[in-house]
Amino acid sequence: MKKILLLLLFYSHIFALSIDESLLNIHATLLPKLALMDSNYKEKLNEGSLSIVVFYSRMNHASAKLLRKNILTKYANGIKNHPIKVTLLSYHHLRHTKGNIYYLMPADTKKIKEVLILAQKEKILTFSYLKDDLAQGSMIALSIGAKVKPILNLTAVKECKVSIRDVLLKISTIYNNEEVN
Amino acid sequence: MKFTLLFIALISILYANDDLDLENDFLQSLDEVSEIATKTKLNIDDTPSFITLLHSQKLQKLGITNVFEALGLVPGVQLSREISGVPIVAFRGMMQKGEVKLMIDGITINNAYRGSIYYYFSFPIELIQRIEVIRGSNSVLYGSGAISGVINIITKNAQKSTPNTLFVSTGSNDNNLGGFLYSSYLNSVKFSIDSYYNKDNKMIVNPNAIVGNNDRHFRDYSIGVNISDEHFGFLGRIKSAEMGNAYGIFGVNDTSKALYSNENNSYLAELSYKNSINHDTKLSFLLGYNRYEQNAEANHPAIKSIDSQYKEESYYSELDLMSNSFENHTLLVGAKLESINALQAEWTAPIPFLADLDSSRKSLSVYLNDIYSITQNVDITAGLRYDNYSDFGDSFSPSFGFVYRINDSLRLKTLYSHAYRAPSWIELTSNSTLEAEKADSIEAGLIYKKNSVNSVRVTLFASEVKGMITKPSVTYIQNSDAQFYGSELEYIYQANNQIEVNLFASYINAKDEDGSDLANVANILGSSSLTYSLNNGLHFGSLLKYVSSSKREVTDTREDIKSSLIFDETISYVYHSISTNFIIKDLFNRGTYYALPLKSNTSSTDFYDGGRTIMLKLAWNF
Numbered sequence: 001m002k003k004i005l006l007l008l009l010f011y012s013h014i015f016a017l018s019i020d021e022s023l024l025n026i027h028a029t030l031l032p033k034l035a036l037m038d039s040n041y042k043e044k045l046n047e048g049s050l051s052i053v054v055f056y057s058r059m060n061h062a063s064a065k066l067l068r069k070n071i072l073t074k075y076a077n078g079i080k081n082h083p084i085k086v087t088l089l090s091y092h093h094l095r096h097t098k099g100n101i102y103y104l105m106p107a108d109t110k111k112i113k114e115v116l117i118l119a120q121k122e123k124i125l126t127f128s129y130l131k132d133d134l135a136q137g138s139m140i141a142l143s144i145g146a147k148v149k150p151i152l153n154l155t156a157v158k159e160c161k162v163s164i165r166d167v168l169l170k171i172s173t174i175y176n177n178e179e180v181n
Numbered sequence: 182m183k184f185t186l187l188f189i190a191l192i193s194i195l196y197a198n199d200d201l202d203l204e205n206d207f208l209q210s211l212d213e214v215s216e217i218a219t220k221t222k223l224n225i226d227d228t229p230s231f232i233t234l235l236h237s238q239k240l241q242k243l244g245i246t247n248v249f250e251a252l253g254l255v256p257g258v259q260l261s262r263e264i265s266g267v268p269i270v271a272f273r274g275m276m277q278k279g280e281v282k283l284m285i286d287g288i289t290i291n292n293a294y295r296g297s298i299y300y301y302f303s304f305p306i307e308l309i310q311r312i313e314v315i316r317g318s319n320s321v322l323y324g325s326g327a328i329s330g331v332i333n334i335i336t337k338n339a340q341k342s343t344p345n346t347l348f349v350s351t352g353s354n355d356n357n358l359g360g361f362l363y364s365s366y367l368n369s370v371k372f373s374i375d376s377y378y379n380k381d382n383k384m385i386v387n388p389n390a391i392v393g394n395n396d397r398h399f400r401d402y403s404i405g406v407n408i409s410d411e412h413f414g415f416l417g418r419i420k421s422a423e424m425g426n427a428y429g430i431f432g433v434n435d436t437s438k439a440l441y442s443n444e445n446n447s448y449l450a451e452l453s454y455k456n457s458i459n460h461d462t463k464l465s466f467l468l469g470y471n472r473y474e475q476n477a478e479a480n481h482p483a484i485k486s487i488d489s490q491y492k493e494e495s496y497y498s499e500l501d502l503m504s505n506s507f508e509n510h511t512l513l514v515g516a517k518l519e520s521i522n523a524l525q526a527e528w529t530a531p532i533p534f535l536a537d538l539d540s541s542r543k544s545l546s547v548y549l550n551d552i553y554s555i556t557q558n559v560d561i562t563a564g565l566r567y568d569n570y571s572d573f574g575d576s577f578s579p580s581f582g583f584v585y586r587i588n589d590s591l592r593l594k595t596l597y598s599h600a601y602r603a604p605s606w607i608e609l610t611s612n613s614t615l616e617a618e619k620a621d622s623i624e625a626g627l628i629y630k631k632n633s634v635n636s637v638r639v640t641l642f643a644s645e646v647k648g649m650i651t652k653p654s655v656t657y658i659q660n661s662d663a664q665f666y667g668s669e670l671e672y673i674y675q676a677n678n679q680i681e682v683n684l685f686a687s688y689i690n691a692k693d694e695d696g697s698d699l700a701n702v703a704n705i706l707g708s709s710s711l712t713y714s715l716n717n718g719l720h721f722g723s724l725l726k727y728v729s730s731s732k733r734e735v736t737d738t739r740e741d742i743k744s745s746l747i748f749d750e751t752i753s754y755v756y757h758s759i760s761t762n763f764i765i766k767d768l769f770n771r772g773t774y775y776a777l778p779l780k781s782n783t784s785s786t787d788f789y790d791g792g793r794t795i796m797l798k799l800a801w802n803f
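Residue numbers (our numbering), protein chains in the order written: chain E, 1 to 181; chain D, 182 to 803.
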């Protein structure tokens, strides 16, 4: 038993989270439609394409690629006459990137905050894989219960000065900083 | 001015219409993804059933290689083996055959002959997307056999989108595995095929063996095909498994490998059509064919050799309608027709070893299940199923469930269900007066989830099985009841997205009608796992499994079956699309033991299934 405990305690520098592929599939369905919820989305198009930027860490690079594949398969003909462009960006090589929406794969809090600062500068909507990121200032995440519903961090939206359509307010649960699970 | 006002009004209407379109479109998408969440069991805590989801991605990091090993991580599930080496998965202390329903991509595996499912337990984890496990009864939706649990293996092949993969592995006991999954698209039509071949020459030490050690080898393969578009689908699969006899059937050790084989073949094909009748109602129609074959040879001291050949086939059709037409209701109405016939039943042994050749069964099932959301936080579920069988009568199975979302962190749910198991043909051939086994179960659970970091699920259960079918000697009889109660605890911890710890513990109390403990049922089961990684793609997975001691049959005076504590360690490295796993099972070589009945002509010890093994796996995802 001692040997087992020693083995468990041996490791440091830990970093792992299983990404649920079904959840990615759901995110792929909703991401382009959430991007359209920005009233000024047309101004942020990239050469006429709706632009989704996916931030990933090395650990979830394969999942980021799967998300891109799912989005491009589901929206092969684009949305609202706009082709869709999905860009993958590593958290370790952050740079100012224009886009309609930023998608945040799980990462440590420091990296998440760095991306949120970028989003604030560019006035870009942010959508997180994890609801926990709302506490850091991400704008949208999903609540998966009996029904799937967006959770909207209205404070973050206001701080970022993104103008969102009323319909998003109407269909979302408003994030309460105290408790969202 | 008038023109200006008119222009503004027109623009407002256009924008309002645009918003309305967006709203309708988005609401439709939310319905669509809610359906995905239900189908993929993402919202298991909001349904009254008690479900465990096993994701292959996570399982591979823990060194799990097949379905049998994966099921050992489900709370309340005890793994065991029959004397002949056939694997047993016992849910909540129910060790009888046929009381667990197994499906692959929704297609039922249990046959009419014996209700056998074990030959699918060797299906490799590399080809699996996830395994959905319902702990407890659910005959309303799954019919006969769903008494103690329902297992649904969801393959990657059946997914709309999944990476292609090529994998090989090698390890102890000459275990070699190779397989692939490949998919391609032609417009909106997806074609995919998976296949594998796995062999093992495992021998296990038995001091009482007449010649050498006991044979636990297996040869196993499967080929699966999926062709699908938005509405139509075809799933086909061939599976073959051949295995050694371990400690021998009838408790007789082999004198020669050549005298024994147990080969199971399965052929499945299912056509499906799914479409929306209107915005609120969806239709699903299935048409399927299922064929099962078993060829078994064995040695017996009195009658020398047993050679049996058995074949059966079934045809079925199923129609489901799912509707949200009534406000706050999600209604499922369905019907299933099935016809099963024995095609071959030949044996050399003068004992009731097989079903009759003229065995046939026609069944009609109708079922209804409604989820009614009384308020935003309270759902009640009511279901009823009626089954009529041509060979033994009919059965009604009601269920009633309740889910209360106390707050964002806390859920309370309860479920009552009545379930049944149709007697198998081998049981009916032995005793034509047998009726269905019936079970009544009550379950209650509390779920606590704090952000994405901590999840705790506590479940209490109590079941009573009436008219259990047992085989004390040569003939099957039905004169006993049994009670099962206990609790299950699951704890998941994901700290700062950096580490995942899973703990589960189960307490099971299984008693016969006289209040005596049922034999071979471990009272306490537990497992803990830790997945983590160093940077640069190196992962570590640690798994500790505990099974407490268990009682023997009343007539067996040996000491209790001893407890076991096994530790597995897995090291994985991912480099771009290539991944490797180095797995050490039973690192401290403590050995796995299963209960063996006391027989004068076999080992007086328990079933020793070997100790430490190692395995190296390599996979390319493209």
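Check each hint, because a few of them may be wrong.
[What the hints assert, rightly or not] Across the chosen pairs, the derived CB separations fall in these ranges:
1) D:567 to E:39: 50 to 58 angstroms
2) E:176 to D:567: 27 to 35 angstroms
3) E:49 to D:452: 34 to 42 angstroms
4) D:456 to E:39: 33 to 41 angstroms
5) E:92 to D:794: 32 to 40 angstroms
6) D:464 to E:76: 21 to 29 angstroms
7) D:466 to E:109: 45 to 53 angstroms
Since the hints were made in silico from the structure, they are not lab data. C-beta: ideal position from N, C-alpha, C; glycine also.
The hints, checked one at a time:
no.	hint	verdict
1	D:567 to E:39: 50 to 58 angstroms	54 angstroms, holds
2	E:176 to D:567: 27 to 35 angstroms	46 angstroms, violated
3	E:49 to D:452: 34 to 42 angstroms	39 angstroms, holds
4	D:456 to E:39: 33 to 41 angstroms	36 angstroms, holds
5	E:92 to D:794: 32 to 40 angstroms	38 angstroms, holds
6	D:464 to E:76: 21 to 29 angstroms	26 angstroms, holds
7	D:466 to E:109: 45 to 53 angstroms	49 angstroms, holds
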